[in-house]
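Colleague: Here is how the chains run, residue by residue.
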Amino acid sequence: MSSLRRESQDEEEYWMKSRVNKSKFNLFDDNVTVENAEELAKSKKLLTQFEDDDVDTVNWDDTPVSSVTESSAISGHVVPPSASSLPKSASRPESRNVPPYMTHSRSQSESFGVTGRVSFTPSSLESVTPTVQYSKSQEKLHSLTSSSSARSLEDEIPSFISTSSGSKNLEEEIQYLKRALKKARELKFSPEDTIRKMILGEPYSLEVFRSKEEKLQLLDKAIQVHDGNAITAVILFLRQTIKPSLFNLELQRRPVAINHYLSYLRAHYDFKELDMSLNHNLSYLKAHYDFKELGDVLGMLNRTEEAAILKYKQAISAPDVRGKMNALRGCLKAHFIHEPDLAHEANLVEQHAALLERQWPIEDTDSKSEAQGNPLFRQFPRKVSILNMPLITTLYYCCFYHGRDAENLLTSPFAIKKQHQLSDKQYVWTALSARSRLKQWTGIEELLTAKGWFGSTKKVSVIGFDKVCEILHRTSAPEEILSKYLRMIDGSERRLNIARKYKCHEVVVETLVYLRDRHELQVYASKLPPGSLGLRNAQDALRSSTIKWKT
Amino acid sequence: MAAPSVKGFPDFQRLKILAKDEFTSLLDQMPGRKDLVIDGELMKPLDRIASVSLLKQRGVDKIFKFDSSLKSMHGCEQRIYLVRPRMTTMKAIADHINSDRNINFKRKYSIIFVPRKLHTCLSVLEYEGVMGCVTVSEFQLDFVPLDKDVLSLELPEFLKSFYLENDQTWIHTVAKSLVRLQALSGEIGHVYCIGRGAKMVNDLMNFLMKRNSSEQDFSRHEIGSLILIDRDVDYVTPLCSQLTYEGLLDETFGIKCGTIEFGPEVTGKQQSAKLLLNSDDAIFEDVRNRHFSNVLGYLSSKAKSLQQDFDKRHGLKSVGDMKDFVANELRRLKEQKSVLANHIGACEQILGKKTKGGFEDYLQTEHSLLEGSGLRDNVNFIEELLFKQDNMLKTLKLICLLSLTQNGISPQTYKSLKTQYLQSHGFEQLVTFSNLKSLGIVTDQETGSQAGTPLNKVASGMAAMTRRSTFQSLCKKLSLIPKSDDIDLKNPTDMSYVFSGAYTPLSCKLVEQVLTRGGFTGMEEITKYLPGGVHSENHVKASKDHSTPVKDKSGKSARQDRPVSKVVLVYFLGGCTYSEITALRFLGKLKGYIFVIATTAIINSSTMLESVMEKPPI
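Read top to bottom, the protein sequences are chains A and B. Numbered according to my numbering, the first sequence spans residues 1 to 551. Numbered according to my numbering, the second sequence spans residues 1 to 618.
For the record, the hints were derived by calculation from the structure and aren't laboratory data. It is possible that some hints are incorrect.
Here are the simulated SDA-like cross-link-like pairs (lysine to any residue), alpha carbons at most 25 angstroms apart as the crow flies [claimed, not checked]:
#, chain 1, residue 1, chain 2, residue 2
1, B, LYS256, B, SER53
2, B, LYS615, A, ALA318
3, A, LYS417, B, VAL379
4, B, LYS210, A, GLU202
5, A, LYS417, B, PRO617
Covered stretches of chain B (in silico footprint by chain A; criterion: 3 or more residues with CB under 8 angstroms from a CB of chain A, positions within the stretch not fixed) [what the hints assert, rightly or not]:
#, segment
6, 86-98
7, 112-123
8, 168-176
9, 387-398
10, 412-425
11, 428-436
Just so you know, even glycine gets a beta-carbon here, dropped at the ideal spot from N, CA and C.
Throw the hints in and build the complete structure from the sequences for me.
Modeller: This is the structure:
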């Protein structure tokens, strides 16, 4: 936009000057025109890209007059696009700024140099024989008959003015042309300039770059200045204009470009996803096409893990559980199992699928059972469906509602442990929490009992009895149960601390007696509520004469 | 503790005024009545720039929050979308337009991109066939001044986009923000880059700026030096539990664009309260940078003195005094009282949450991870959190720290922790682990050497020889872990006070080193451990005849001792935490620098991890 405005300023400037000059008498007009004619001849060479055969005919002699006609001929060839593009650009100024593929912005910028000409041609009439110039200007305006009659009146006026001022005009015109030429030269679309324009948010065109080398120069320049937007734009232009094998080859040579292409494909995939979720089936195929491309590029680059994770991500985005199970199995087979580097991931995806396959029937049965009024679910209503819950949550659920189920059933906690190779710690921790919540104290005892030698039993805990107590405390187990397990904690100091933490007075008193710490016991007893068991025990101990207190 | 002097800080209100003017003129481009549809994430930043009354004054009829799930929208016949440039957003806008067309509803549409339009967005508009009926413009809102010394781009997605996807789209925005800032404050003479993105920003900034260096008098410029630092240089600091008041407020309640919302549990009233947290609030200014242990005491003493001021009213002798008190004092006191009540309420909440969740044990584990001691215990602690299905973010933070401080986790432990994490928090987190691996935050020591952390890449060979991780080497070289335990948290003498004296933030320590050395000279032993390398440029020259910027490889920068060189802009790419801001403020006081902190966003451990985590289903 700004350049357009500048252009019109130039034009105005030109007019202002020419008006002033009209009144002046120019002494050196001949001299000037010859020089400028040479200039023009030179400039013509530079302008060759805008010229065609017409020019030769114009160039038939050396007179300055002819050089003027030449220039108007040039304008005559270039003006039509500008004349048509100008009113358009005036009517929609903003949209002009932004087209993503700037095909017409090129024609716009080409016309920058010459737009002013449309208006100045009438003034140059006086230096040429009116009839010749006339046809030229008519050519320009694409309106042969109608405008000629309309124009003739206007054109009468300048033709009365002396020729000398016309030469002055010529000089102005030449100056003007020089400027236009300079601009045209600037517009010789170098990759650098184009990238600069992109970065500055100015209109640009990529379509002028036809050779592969130039396109790659564009890409390299964009990479060099670190503008992601420009990089992506050039990549997409490349993808559109060169064949895939070449595109992939050049992309692979430029890691930065690959990253931007992948980033684009990801975003594009999201966009397609949105499209899909809104329009469901129509663009489904296309979405898959783009997704496939994303996967293919990752595959091509040997980024197998990324590709596999991508497919996994797609699989888990399936809205219904049945679809998700199928997608996971498919994805596992296609992308994980055969990759030695992804053995661990394959195991995890396998677990994910297996978990869903377990949750699905459990949910089905239990929701029916709940609807039928199973007392278990009435006593402890299910808050949410078990579908899509994590494995440990599922284990807890099964411990809670199906703790006694046989191992051959899907709901069996032990079967879950086995299938997912859960550690004893994971299992005990969860089972303990569930049983404590259910107040199944005997169940807890079973969990913590190990068969010893010769059929004897002993209490063991893989997670340590301090943690057992922590769980019991958290699930608000009664004090007697808590005390029972507190006593199993090894190390009297540790036991004491934990018992204090859970305010298990009995155990604290016992331990202090065991430690023969009379002073601490006294202090502790003084804080106990009157009439409590702990206080009675403490008082008994303090009165007792059999204890040898520490001194 | 009077109001700290604002002197020396460049005036960033100008940025606000500029942004406001730009926005107003954009609104005026569509004269008459119109609706404004705003991207949710731009709501708060816009709030800081323009008021609703200004919008109304400019013909805005209704304001909607942009919702991409809506297929169509109602409203008046002109509509402006103010959005971030995203393809999905474009698609939704196109749907709105097409649904209007289907019912032949004539409406004018304008899309204002913040901060810039992107090629991909325009292609979507073109693809959807709506390009012809929208006008497109840009609102170059970059820095939102959150305080007199904090500027934020409010662009949290930078982290994911740049470090995870290696997408350089936002580098332009960062560079542009610096160009625009320097147009106001004058060119910055010294530039120091730490990291890959920092260098890119500097390159692009130089490309965008036409430096006419010969004639410049840098002493009159408002900012002396610029330090650009990449987040991937230091992922450890943002993962540490914040312990300053402002940091804890952010971790507990979430500070959004400089404002905080306290629910009824804090205010003690029915309604919640919205507070603007900045240096204008004198009470907050006094406590924001304190270690938390030192906040409640201060607030209660403040409450007492406030009460005394209130009690003065009983001692008022004349009606004139009374009138004076009501007119001047009472209002101020009442305001202060309500602010104070909110802060005390917030402290109670923080305290409650921290004492309940086993925070002591957590913090102890965190500190021993930083020290690199008691590895087995730390892993056990993490496993226990997993058995308990304790907060998934909290657990993940420790796993991240374990990996970052050890140059990756040993293969066996890595597999076991990952499996257990997935079993406890959903297999979907497989994606999270993959992302964290790409970022180099959680890696397997085995694969670490091939594709692992940026830190690892630099020093894997070295670490293998010295048996010390990169992080530990940096800790030792920069003495990040203070030797003495007795840090006075009330009157700190060291930046480590922000983490209870357990750890000095690496990012801030690097800033300190660069400033005291005037460059990277003599820091080779340190910079070799930093991913992305370092770079410095000096545009201030003694003689005027050179026109090309002299690259300051030798570090012999012409250091100016004029006051301007004491103003330092520290720019965090990928976000920074309040603790880091606090540490730099402290460093400024200690060494006589005036720090201005710019960042792509203010983050904390949770927001940082969440941005790269896979969402649990449902």
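Colleague: Against each hint, give a clear statement of whether it holds in the structure.
Modeller: Hints, verified against the model:
no., hint, verdict
1, B:LYS256 - B:SER53, "holds, 22 angstroms"
2, B:LYS615 - A:ALA318, "holds, 14 angstroms"
3, A:LYS417 - B:VAL379, "holds, 22 angstroms"
4, B:LYS210 - A:GLU202, "holds, 17 angstroms"
5, A:LYS417 - B:PRO617, "holds, 23 angstroms"
6, 86-98, "holds (count 7)"
7, 112-123, "holds (count 7)"
8, 168-176, "holds (count 5)"
9, 387-398, "holds (count 3)"
10, 412-425, "holds (count 8)"
11, 428-436, "holds (count 4)"
Against the hints set out earlier in the document, no violation occurs for any number.
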